[in-house]
Structure formats: structure tokens, C-alpha cells
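So the protein sequences, as listed, match chains A and G. First residue of the first sequence: 1470, per this note's numbering; consecutive thereafter. First residue of the second sequence: 1470, per this note's numbering; consecutive thereafter.
Relax, there's no trap hidden among the hints.
With a cut-off of at most 27 angstroms between alpha-carbon atoms, the simulated DSS-like pairs for lysine-lysine come out as follows:
hint: 1; chain 1: A; residue 1: K1582; chain 2: G; residue 2: K1641
hint: 2; chain 1: G; residue 1: K1582; chain 2: A; residue 2: K1643
hint: 3; chain 1: A; residue 1: K1582; chain 2: A; residue 2: K1722
hint: 4; chain 1: G; residue 1: K1582; chain 2: A; residue 2: K1723
hint: 5; chain 1: G; residue 1: K1643; chain 2: A; residue 2: K1582
hint: 6; chain 1: G; residue 1: K1582; chain 2: G; residue 2: K1722
Stretches of chain A that chain G covers, calculated by requiring three or more beta carbons in the stretch to come under 8 angstroms of a beta carbon on chain G:
hint: 7; segment: 1493 to 1507
hint: 8; segment: 1559 to 1568
hint: 9; segment: 1582 to 1589
hint: 10; segment: 1603 to 1613
hint: 11; segment: 1632 to 1644
Some chain G residues close to chain A (C-beta under 8 angstroms, calculated; not the full set):
hint: 12; residue: Q1587
hint: 13; residue: L1594
hint: 14; residue: L1637
Keep in mind the hints are simulated off the structure, nothing from the lab. The beta carbon of each residue, even a glycine, is placed where N, CA and C say it ideally should be.
2 protein chains.
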Amino acid sequence: MALEKLMGVMRPAIEDQLKNIILSTINEENFHDLASMLCYHLGWEGEGAGPEAQGKRIRPLLVLLCTTAAGADWPQALPAALAVELLHNFSLIHDDIQDQSRERRGRPTIWTKWGIAQAINAGDLMFTLANHSLLSLQADHDEGVVIRGIEILYQTSISLTKGQFLDLAYEKEKIIPMEAYWPMIAGKTAALLAASCELGALVAGIIPEKVKAFREFGYLLGMAFQVQDDWLGIWGDVSATGKSNKNDLVTGKKSLPVLYALNQNKGFFKRWKLGEIEPKEVADLVKLMALEGAEAYTRETADRLTAEALQALERSGGIGDGMVSLQELTSILLTRVR
Amino acid sequence: MALEKLMGVMRPAIEDQLKNIILSTINEENFHDLASMLCYHLGWEGEGAGPEAQGKRIRPLLVLLCTTAAGADWPQALPAALAVELLHNFSLIHDDIQDQSRERRGRPTIWTKWGIAQAINAGDLMFTLANHSLLSLQADHDEGVVIRGIEILYQTSISLTKGQFLDLAYEKEKIIPMEAYWPMIAGKTAALLAASCELGALVAGIIPEKVKAFREFGYLLGMAFQVQDDWLGIWGDVSATGKSNKNDLVTGKKSLPVLYALNQNKGFFKRWKLGEIEPKEVADLVKLMALEGAEAYTRETADRLTAEALQALERSGGIGDGMVSLQELTSILLTRVR
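With the rest of the complex left out, here is chain A:
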């Protein structure tokens, strides 16, 4: 598989350079614990450290694969790849505090180990390192490309905080309209995948029209990915996702199938209005949601977005192993059953 071969060389480079950014920025003795927080979160230190704790590094891989598909050498895109991974992890650190999540990838979150105050600050530093990383593009690119890259990352950060604002605001409401779903996941998930693909294409130096197609691919992939994730949250082997041993119905998450079912104004809607759902009700309610069309709608939406993502990728004019790998990655991400 082309993807496996490329990942085999890209992944070690990503880990090496990520570590290098953190340890070169925080190298004084009295900041040892500050570096430890970041290294713990990134899965290199502490109990449970290792590949499982590091996550899949999908976003930096997308950057490097897009650079490759756009016909350029991927190592020159590493500063952009690191930037999106650091930005992603900054948002995870703060999300975990905001959502009061005590675990991530099967390990205690930063705030549960070091407290909320230090966790906020660790997130702030991770955010700064994300921005800072892009400046290293100067080694291989002219200043215009560097500034354009910085602009893309800023716009993404604005989208992330806007999406998070909506997510937090909607938590307090029992029912929200279906239209509210799309701006939220556009900000929280799709914006960063769009930026990853755009940055990868940008540093390859291809024409703006093709950069735009790569961006659209990332955006649609992100939307499809989130819809698929929402499907998994109800119908997937939930206990195997490692995120929670609870079905999304119990946590009350306003995911796409839930919003669809609510808007049918039938049996699911009547039950939801009455208050929190107990684990013992889940099996019956999941069947009810399927009966009311929520599963078919969610699957169709994921399939449509996936098809649109692949069409955008076609328009990018990508080539070679990079292109094949992007197609493989899309297929893997969107046929997950856990």
C-alpha cells in the first residue's frame, strides 16, 4: 500500500520534529515540568506513553501527503505539518477542561493530573508553538508563502474558537435546529482538515486553483469524518472507540442523527424532551432512531460528503503515491466501524 509506505517514513519525522520543537523551546531546568505536561499529552512521557497515546497524527500526515500529491518533496512541508498537529492538540487540551473530560485515549487528561490552571497555560503554550512552527517555512520558502501560511492558520484558529463557542452554547439547550449542526462541525472539525490540505498544497507551489481544490477536499473530508463519527457514537462498537464507554445518547450529545431524529417530531422526540436517557434505554432508542430514518440519513450524508471529497481531490490534479495515499486514507477514515 502506498499509504503504508509513505506513513512509514513520515510518522518518525513528525514525532522527531515535534519533540524537537518542544524540547528546544523549553530547555531550561526550571521549566522541566512545563515540558513534561506537553510531552505527556503528546504521548511520549508518563504512564501509558506509546503509539496508542500519541494518536494517529492524521492532520500532519494530510499536510505531507498533499505536498507529495502536489508533486513536491514532503520534508519542506514539515513546519506546516507540525503546526496543524500542535494546533489540534492545543484545542484538545482546552476542550478537555471545558468538557470536564477526565480521560483521553485511555489516560488521565492534563487538567486531571496538573490542575485546571496549569492545563490552561499548557494549552496556551501549545497554541503559541503551533503558530511559531510556521516561521520555520522560511528555510525553504519565500516570505509571501510564509505569510500566507500564517494567515491560513489564524483563520483556522478563529474557526476553531467559533465552533467551540457554538458547541458550548448548544450544550445548555435541549433541542437545537438541524441547521445549527453544520457551522459547529465546520469550525470544530472541518476547518483544521481543510487547513492541513491547503497548507500542504501551498508549500508545494502549485497554482491557486489547485490549492483551493486540495482545501475543499480537506474540508469535505472533515465534514464526512465528523458525520461518520456521529454515526459511530450511536451505532458503532462504542466501547471500542476508547473515547467513552457510553453511547452518545447517554451523554446527550447533539450529534447529527440525534438532531435528525428530533426534527422528525415523533417517538424519539417525545422521549428526548422528558430528560436524560438511561443506559438501559439505549438499545430500544437506537432501534427507534433507525425506524424514524436517522440512521439512513446519517449514512447517506456521510456517503455523499465522501463522494464530494473524492471529487474535489480529483480536481486537485494530484499525482503519484501521494494521490493514491490520500484516496486510501479517505477510504480508511470513512469506513471505520470503531
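Following the hints, position chain G against chain A.
What follows is chain G alone, placed relative to chain A:
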């Protein structure tokens, strides 16, 4: 007064452009409350809005005054001025959560009004807007200057988070060595004032040696300012600072006079070791600290740093009303009695 005249034109421009950044970035209907949080924090909206709630905008004024003193027109430096003010306010929003401060400038803090989760996110957005603002330097400056400006802001953000890390870490310890004080205030206070002056000089396009002198002026001014603040926290008219109606001895803050007195290993040290200080003990302990040399040491340190700041300003070769204003501002900041 030169300062008064310049402030009279600079202050309205700062307020106008700050508002413009926020309202142009967050202009959609469903993000109305997000914009409100930032506008509330910056003192334009909600109960108690007005000049008192806005603060003095010292940092953006420093940027613009340095540009003027370096012989250039200040309006071209506005994007940098806004960036430092936004960065400062980002750090205040997160600090207030970290310190569990319920009030700032006599009004409830963001987290007490909107909760911790939304306050973290509002701070993240303020941080992003700070970074973003610098890109507007492109209108009047070449790309090299823009990138150098961005680099300065990133280094400052790293210093801020490192300083905050130390501050939070030291809170848990009863006694810390005096040497620990300087890296903490260098990061928490001096770094941003240094950046303000450096950015103001940078955009004026003067030679690097003089930019460096402006930076040193800002750094030393920041150190002097903090030492003076620490003096006020013990010997100032504390109830009039508007920050707290408690003396720093009661809050247990490890300020310079406290660390000095502790390191004398005499009466103050013996009392401090026993546990929290009650308000009724303050008057006697304040006298004891003075007897043990802490007041004289703090005042001498502030005076020495102020003199060094003014020497650095001389070396900058600044001219005209801008230069006179910087000297006036230094004098006002460092002779505060409240």
C-alpha cells in the same frame, strides 16, 4: 504636556481599531454573545463599561510613542499596538480563571459571568486576534518586517506562558529563593513591555542597534513597573488600587519585598512560616518588614531599574514629542502611589 497631547489622538484611534478588529471578525448573528464577551472584557459593554473598565492601554501607547520617538508616523504602527493590547487581554482573561479572581477593575470577570469553559475560549479567540492583527502591517511594510513582528509576538507569548507557569508553580510553595523572582516577572510583565517598544521601533524602520535600545527600555520599564507594583501591594494605598481590598501579605503573594524579608531569616521569616497572615496583623508586619530592610531594598531596586530604563531610552536616540512623552510616561508609571 507632550504626552497628554499625543494620548489625546492615540487613545481614540486605539479604541476605534480594537473595536473594528473584533466586530469585523465576529459579525454573524449566532456569534453575538461571543463578541459580547470580548467587548465586555475590553470595557465597552455591560454594567460598569467606560474608561475605568477599559484600563490605561499603556502597552499600545508605548508602541505608538516609540514609533513617534523613532521619527516615524504612528498610525502605521497601529496593527502592532492592537496586537500587544489583545495579547495582554488574552493573558488577563486566562489569568483570572487561573487565579480564581472574581473581579477585575471593579467588575465581574468573564468567567464569573459566562463560566470557565466559555471564558477559556474567549481568551483563545483574543489570543488569535492578537496574532492576526500583525498581518495588517502588510499595508505599509514589506514582508520581512511583518515576519519579524510576528516572531517578536511569538517569543513574547512563549515568555508569558513560561512566566505564568512559574507563577502558578510558586503559589504552592511557602518559600522560594529570591533568584526565582526575576525570571517570573521577566516573563509575566517585562516581556510584553519590551515587545511593545521593540515593535514600535521596528515598524519605524530604524537601525537594529536602536531598535534594541528601545526594547531594553521597555524591558527595564516593565521590571521597574513590577517592582513598584510590589511596593504598592505592601505600602501603597492598597484599597485605592482597585485590584483588591487586601494587602499582598494577606493574599500570600510572593512579591519582591516579601522574598527579600524572608531571605533575612529574622522575625518576618518566623511569622511567615507559621501560616496565613490575618488582616489584623498587617500593620505590625508591614513595619517589621521595613525594619528588616525590605522597603528600602524594594525602593532602591525600583529606582535603579528606572534609572537604567531611562539610560536605555537615551541610547535609543529617540527624538521630539515622542521621546519627551516616553520620559513623562516613565515618570508617571514609576511615581504612582496607588
